[in-house]
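Here the protein sequences come in this chain order: A and B.
Take 939 as the starting number for the first sequence in this note's numbering and just add one per residue.
Take 8 as the starting number for the second sequence in this note's numbering and just add one per residue.
Derived DSBU-like pairs (lysine-lysine); straight-line CA-CA distance at most 30 Å: (1) Lys993(A) with Lys958(A); (2) Lys65(B) with Lys979(A); (3) Lys76(B) with Lys56(B); (4) Lys979(A) with Lys56(B); (5) Lys1004(A) with Lys958(A); (6) Lys75(B) with Lys65(B); (7) Lys1004(A) with Lys993(A); (8) Lys1002(A) with Lys958(A); (9) Lys75(B) with Lys979(A); (10) Lys1002(A) with Lys952(A); (11) Lys117(B) with Lys979(A); (12) Lys952(A) with Lys993(A).
These are calculated hints, taken from the structure and not from any lab test.
Just so it is clear, the structure is predicted and the values come from calculations on it, not from any experiment.
So you can see what is in the structure, the chains are spelled out below.
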Amino acid sequence: GAVVSQHPSWVICKSGTSVKIECRSLDFQATTMFWYRQFPKQSLMLMATSNEGSKATYEQGVEKDKFLINHASLTLSTLTVTSAHPEDSSFYICSARPSTSGFSYEQYFGPGTRLTVT
Amino acid sequence: AQSVTQLGSHVSVSEGALVLLRCNYSSSVPPYLFWYVQYPNQGLQLLLKYTSAATLVKGINGFEAEFKKSETSFHLTKPSAHMSDAAEYFCAVSRNNDMRFGAGTRLTVKP
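Take these sequences, add in the hints, and give me the full structure.
Encoded structure:
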């Protein structure tokens, strides 16, 4: 149980275009989902917290107009990188917290999406 | 604010030797602490977690960690390293919704 998927697992796009990454909780509902980015040989940095049916909360320094997050259902959150540039190339990882979980710490991570902007 | 510091960005051990990966935390309230492993181009796999129950936590793949409040530490150990343990390891702390990760420690296992 508690499986989180991401699609695509790997994407290449041209500079200036937009790309959408999906994060799905496959066997549970998730009121809250999180988006992280990871540069090569670095740690995960929280980008934003996404709550179903409401606006995402972005971490300081993350451009909300560039990284659009939509959490339209209890099993799906999407991250759209708008007008992508080479510096946006990174590994993006999502996680999801089960709606039924009484523990604030519980999160399940997706396998990640590698974005390369050329 | 809560945070974790991983001492040593790279640890190298011989196969069969003890693995010790260090993590110190900073938290104004009792923390929840985690160790994750990441293989190249993959997501995170939970090794173990401390959630204020037993201070010695046993995880998967023979790993364990001990929560020491007096030292604000949560070091990860494994008695005997295996080649398959070579990966990146992250310590993380969570409280009040979000999770913060350490910088990571790359473990190399020599034959």
